[in-house]
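Following UniProt numbering, the residues of the sequence shown are numbered contiguously, the last one being 149.
Just so you know, the hints here were simulated from the structure itself, not pulled from any lab data. It cannot be assumed that every hint is accurate.
As the list claims (entries may be wrong) - Calculated cross-link-like contacts (lysine-lysine; reagent style PhoX-like; alpha-carbon spacing at most 25 Å):
1) K74 with K6
2) K53 with K10
3) K50 with K60
4) K41 with K24
5) K41 with K11
6) K11 with K24
7) K74 with K11
8) K10 with K24
9) K49 with K17
10) K17 with K60
11) K43 with K11
12) K24 with K43
13) K53 with K43
14) K74 with K53
15) K74 with K60
16) K74 with K140
17) K10 with K41
18) K49 with K60
19) K6 with K24
20) K67 with K10
21) K140 with K67
22) K49 with K11
23) K41 with K17
24) K60 with K41
Said to hold, decoys possible - Simulated DEER-style distance windows between Cβ atoms:
25) V128 with H36: 21 to 29 Å
26) A25 with K60: 35 to 43 Å
27) K43 with H77: 45 to 53 Å
28) L8 with R32: 16 to 24 Å
29) D79 with L126: 37 to 45 Å
30) Q45 with L86: 17 to 25 Å
31) G129 with K11: 50 to 58 Å
32) I68 with L47: 41 to 49 Å
On a predicted model such as this, the values are computed, not experimentally measured, just so you know. In this text, a Cβ means the ideal position worked out from N, Cα and C, and glycines have one as well.
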Amino acid sequence: MSEYWKSLPKKYCDFCKCWFADNKASVEFHERGFRHQLNVKRKLQDLQKKGSKQEREDQKYNIEMMKIESQAMKAFHTDVNQNPSLAKELATNISLFKKSTKTESTAKSLGRFGEDSSASEESSTLVVGRQRALETIAKKMEKKSKWLE
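Produce the entire structure from the sequences given, and follow the hints as far as they go.
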């Protein structure tokens with residue numbers, strides 16, 4: 001039986017956009033070539049330019065967002081100064097939220113289906129996690145209420 005014809009494998013160079021034989025001698029010859037080295041340098045310079053351009057755009061974006069946030073904060077302060085009942089309403093909502101989280105943490109914790117957690121032996125990590133989450137929410141709301149005052 002005769003052997004079937006099989007072509008030699010080829011390799012593609014992304015920098016030069018050309019094909020060459022995929023053997024050690026051809027790859028080394030191509031990579032040592034002036035055109036390939038020039039294309040690699042050019043590609044690295046383009047990547048560096050794109051990176052610095054992206055960094056400048058990110059800085060501009062962050063500056064614009066800071067301006068927008070400061071303007072929104074000023075507008076909010078003027079709204080609160082014009083309508084003080086709004087600030088009082090927000091502060092009472094926050095204080096009600098704080099009270100509810102404190103009563104939940106001091107009260108007997110109930111399980112998923114309303115049963116006593118001591119009876120159902122709920123995982124201590126879940127209980128601690130729930131308490132930490134409630135505490136962080138209360139702290140965030142407290143910071144917001146201080147800011148409103």
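We went through each hint and held it up to the structure:
1. K74 with K6: violated (74 Å)
2. K53 with K10: Cα-Cα ~36 Å, so violated.
3. K50 with K60: Judged against 25 Å, a Cα distance of about 15 Å means the pair holds.
4. K41 with K24: holds (23 Å)
5. K41 with K11: holds (20 Å)
6. K11 with K24: holds (11 Å)
7. K74 with K11: violated (61 Å)
8. K10 with K24: holds (12 Å)
9. K49 with K17: holds (21 Å)
10. K17 with K60: violated (35 Å)
11. K43 with K11: holds (19 Å)
12. K24 with K43: holds (24 Å)
13. K53 with K43: holds (15 Å)
14. K74 with K53: The hint is violated at about 32 Å.
15. K74 with K60: Distance of about 21 Å is within 25 Å: holds.
16. K74 with K140: It holds: about 21 Å lies between the C-alpha atoms, which stays within 25 Å.
17. K10 with K41: This hinted pair holds, its Cα atoms lying about 24 Å apart.
18. K49 with K60: Cα-Cα ~17 Å, so holds.
19. K6 with K24: Status holds; Cα separation ~19 Å.
20. K67 with K10: Violated, at roughly 55 Å.
21. K140 with K67: holds (23 Å)
22. K49 with K11: Violated. K49 to K11 sits at ~28 Å, over the 25 Å cutoff.
23. K41 with K17: Distance of about 15 Å is within 25 Å: holds.
24. K60 with K41: Cα-Cα ~29 Å, so violated.
25. V128 with H36: 21 to 29 Å: Check failed, 60 Å falls outside 21 to 29 Å.
26. A25 with K60: 35 to 43 Å: Since A25 and K60 have Cβ atoms about 50 Å apart, the given range 35 to 43 Å is violated.
27. K43 with H77: 45 to 53 Å: holds (51 Å)
28. L8 with R32: 16 to 24 Å: holds (21 Å)
29. D79 with L126: 37 to 45 Å: Holds, since D79 and L126 (Cβ atoms, about 41 Å apart) stay within the stated range.
30. Q45 with L86: 17 to 25 Å: violated (56 Å)
31. G129 with K11: 50 to 58 Å: For K11 against G129, whose Cβ atoms are near 54 Å apart, the range 50 to 58 Å holds.
32. I68 with L47: 41 to 49 Å: Given range 41 to 49 Å: violated, Cβ gap about 31 Å.
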